[in-house]
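K.L.:
In order, the protein sequence lines correspond to chains C and W. Reminder that position 6 of the first sequence reads as 6 in this note's numbering, one-by-one numbering, no gaps. Offset between the second sequence (1-based) and this note's numbering: plus 114.
Honestly, the hints are just simulated from the structure, not real lab data. Any given hint might turn out to be false.
Calculated cross-link-like contacts (lysine-lysine; reagent style DSSO-like; alpha-carbon spacing at most 30 Å) [unchecked claim]:
1) Lys70(C) with Lys133(W)
2) Lys51(C) with Lys181(W)
3) Lys51(C) with Lys123(W)
4) Lys106(C) with Lys51(C)
To be clear about the criterion: a stretch of chain W counts as covered by chain C if any three or more of its residues have a C-beta under 8 Å from a C-beta of chain C, and this derived list gives those stretches [what the hints assert, rightly or not]:
5) 145 to 157
6) 161 to 173
Yeah, the Cβ is synthetic: ideal placement off N, Cα and C, and Gly gets one too.
Single-letter residue listing:
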Amino acid sequence: GQQLNQSPQSMFIQEGEDVSMNCTSSSIFNTWLWYKQDPGEGPVLLIALYKAGELTSNGRLTAQFGITRKDSFLNISASIPSDVGIYFCAGLALGGGGADGLTFGKGTHLIIQP
Amino acid sequence: DTAVSQTPKYLVTQMGNDKSIKCEQNLGHDTMYWYKQDSKKFLKIMFSYNNKELIINETVPNRFSPKSPDKAHLNLHINSLELGDSAVYFCASSQGGQGYQETQYFGPGTRLLVL
């Protein structure tokens, strides 16, 4: 089946630093989604990307849909303590009907040292 | 108002029991999903339903049976629970049927512990 390689697996950074994480795939996706999961909660959608080459921002977050449709990155600028959590990339290869399950990366654990 | 809600949030039960997890979405979406998150936080699709019809059934033991009484609800029934079923189960929903610009929204999860 499809697999997403998400890196890094974890990041230990200082407050105020910028963060960058990415996902790559061996197959093409038509949609890339980035989620954040806090402890004890469900994944919360951060950014949705629908077109190859698309660059989208949401506050301090910026994500891009790779031109080859096989990769995506997420950047967080000027990190703050509440950015701590697990960030997941997820890809969707629509086969029609829009009911396909997401393929998830294994997550990037972000830890911020004050 | 909670868009995708699940009950219960925590479920602790003995091996061999039968249990159900309920999910409801008030987003007017046509498609609902069940995902399983293991102890290493890996999320994997189990089922998807589009307008009460089963679309995806991944390689999940047939002890797991989804039931959709209407398009706003997708419940998960698990028979003869095993230790390996311990995980966090997430319900999600999406507009569905469009074939493009699909975004899935997740519930808060049900933490199942089988003893």
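K.L.:
Look at each hint and say if it fits the structure.
P.N.:
Cross-check of the supplied hints:
no.	hint	result
1	Lys70(C) with Lys133(W)	violated, 39 Å
2	Lys51(C) with Lys181(W)	violated, 34 Å
3	Lys51(C) with Lys123(W)	violated, 36 Å
4	Lys106(C) with Lys51(C)	holds, 23 Å
5	145 to 157	holds (count 7)
6	161 to 173	holds (count 6)
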